[in-house]
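Participant: Each chain, written out:
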Amino acid sequence: SQQGEEDPQALSIQEGENATMNCSYKTSINNLQWYRQNSGRGLVHLILIRSNEREKHSGRLRVTLDTSKKSSSLLITASRAADTASYFCAGVGSARQLTFGSGTQLTVLP
Amino acid sequence: DGGITQSPKYLFRKEGQNVTLSCEQNLNHDAMYWYRQDPGQGLRLIYYSQIVNDFQKGDIAEGYSVSREKKESFPLTVTSAQKNPTAFYLCASSPNSDTQYFGPGTRLTVL
Chain U
11 SQQGEEDPQA
21 LSIQEGENAT
31 MNCSYKTSIN
41 NLQWYRQNSG
51 RGLVHLILIR
61 SNEREKHSGR
71 LRVTLDTSKK
81 SSSLLITASR
91 AADTASYFCA
101 GVGSARQLTF
111 GSGTQLTVLP
Chain E
1301 DGGITQSPKY
1311 LFRKEGQNVT
1321 LSCEQNLNHD
1331 AMYWYRQDPG
1341 QGLRLIYYSQ
1351 IVNDFQKGDI
1361 AEGYSVSREK
1371 KESFPLTVTS
1381 AQKNPTAFYL
1391 CASSPNSDTQ
1401 YFGPGTRLTV
1411 L
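Chains as they are written, first to last, in the numbering used here: chain U, 11 to 120; chain E, 1301 to 1411.
These are calculated hints, taken from the structure and not from any lab test.
All C-beta atoms, glycine included, are put in the ideal place defined by N, C-alpha and C.
Check before you lean on any hint, since a few could be wrong.
No more than 30 Å apart at the CA atoms, straight line, and that leaves these computed lysine-lysine pairs for BS3-like [claimed, not checked]:
no. : chain 1 : residue 1 : chain 2 : residue 2
1   : E       : LYS1309   : U       : LYS36
2   : E       : LYS1383   : E       : LYS1357
3   : E       : LYS1309   : U       : LYS79
4   : U       : LYS66     : U       : LYS36
5   : E       : LYS1309   : E       : LYS1383
6   : E       : LYS1383   : U       : LYS80
Not close to chain U: a few residues of chain E, all C-beta gaps over 12 Å, as computed [what the hints assert, rightly or not]:
no. : residue
7   : LYS1314
8   : GLY1316
9   : VAL1319
10  : ASN1326
11  : GLN1337
12  : ASP1338
13  : GLY1340
14  : ASP1359
15  : ARG1368
16  : PRO1375
17  : ALA1381
18  : LEU1390
19  : VAL1410
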């Protein structure tokens, strides 16, 4: 079963706008991670937020985590055409395995 | 160059044939993983190994087998028992720090 579910499934924005993706998960986690996948390629790790953290920043990325609601959000500011990709959240539980959601397909139009 | 490699990039197989996908890493990571990805879907865990000569089933292990004879290598065999093997297969490794590092993937098509 998949741990996370992303929302929306697809998002299309203009270059320069901000993109927000949401993730909900079902069971307790030690941390939650966001990955990016360009079409037909492997995944690239973007950012990890631990269960005792509420917000984390990395460059143009901002991640929030609300453990009471079992949800997380990824914000990409000042988006670029090169940000076009699929974005996945993945929860890590006590077994230290990643359980992925179904992803958000982001398209940034030039 | 350090990294994780998968070969081949594309693989075609006839029904009823077994096929082995290669995954090699020179990152000195203890843990390695195999995932399957279907179109428009997330990744599902097939098998994982946290140490040489040991591996565990993931969520969808039926019809697959693995071995971990060397730290650097974690090959996946898709057997004829796998009813719907056409998919994108991703291998990953981890230094047991939760973050995983992915290879470029192998796209398997059953003809």
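Participant: All the hints need checking, so say for each whether the structure fits it.
Facilitator: How the hints compare with the structure:
Straight-line distance between C-alpha atoms of LYS1309 (chain E) and LYS36 (chain U) comes to about 34 Å, which puts the hinted pair past the 30 Å bound. Proposed proximity of LYS1383 (chain E) and LYS1357 (chain E) is supported: the alpha carbons are some 18 Å apart, at most 30 Å. Restraint check for LYS1309 (chain E) and LYS79 (chain U): the C-alpha separation of about 40 Å exceeds 30 Å, so the hint is violated. With a C-alpha separation of about 21 Å, the suggested pair LYS66 (chain U) and LYS36 (chain U) falls inside the 30 Å cut-off, and the hint holds.
Using a Cα cut-off of 30 Å, the hinted pair LYS1309 (chain E) and LYS1383 (chain E) holds, with the two alpha carbons roughly 22 Å apart. For the hint pairing LYS1383 (chain E) with LYS80 (chain U), the CA-to-CA distance comes to about 35 Å; that exceeds 30 Å, so the pair is violated. With a least CB separation of 23 Å from chain U, LYS1314 (chain E) remains clear of the 12 Å interface cut-off, as annotated. Remark: the non-interface label on GLY1316 (chain E) is consistent with the geometry, its nearest Cβ contact in chain U lying 27 Å away (cut-off 12 Å).
VAL1319 (chain E), annotated as away from the interface, keeps every beta carbon of chain U farther than 12 Å; the closest lies near 19 Å. Even its closest Cβ contact with chain U, about 16 Å, leaves ASN1326 (chain E) beyond 12 Å, as expected for a residue assigned away from the interface. Interface exclusion of GLN1337 (chain E) from chain U breaks down, the closest Cβ pair being 9 Å apart, not more than 12 Å. With a cut of 12 Å on Cβ distances, ASP1338 (chain E) falls inside the contact zone with chain U, its closest approach being about 10 Å.
The beta carbon of GLY1340 (chain E) sits about 7 Å from the closest Cβ of chain U, which is not more than 12 Å, so the claim that it is off the interface is violated. Distance check on ASP1359 (chain E): its Cβ comes as close as 7 Å (rounded) to a Cβ of chain U, failing to clear the 12 Å threshold; non-interface status is violated. Every Cβ of chain U is farther than 12 Å from the Cβ of ARG1368 (chain E); the closest lies at roughly 16 Å, confirming the non-interface assignment. Under the 12 Å C-beta cut-off, the non-interface status given to PRO1375 (chain E) relative to chain U holds; the minimum distance is some 17 Å.
Separation of ALA1381 (chain E) from chain U is adequate, the least Cβ-Cβ distance of about 22 Å exceeding the 12 Å criterion. Consistency note on LEU1390 (chain E): stated as away from chain U, yet its beta-carbon is not over 12 Å from all of that chain's, at 6 Å minimum. Taking the minimum C-beta to C-beta distance to chain U, about 18 Å, the non-interface status of VAL1410 (chain E) holds against the 12 Å cut.
In summary, the structure is inconsistent with hints 1, 3, 6, 11, 12, 13, 14, 18 from the numbered list given earlier, while agreeing with the others.
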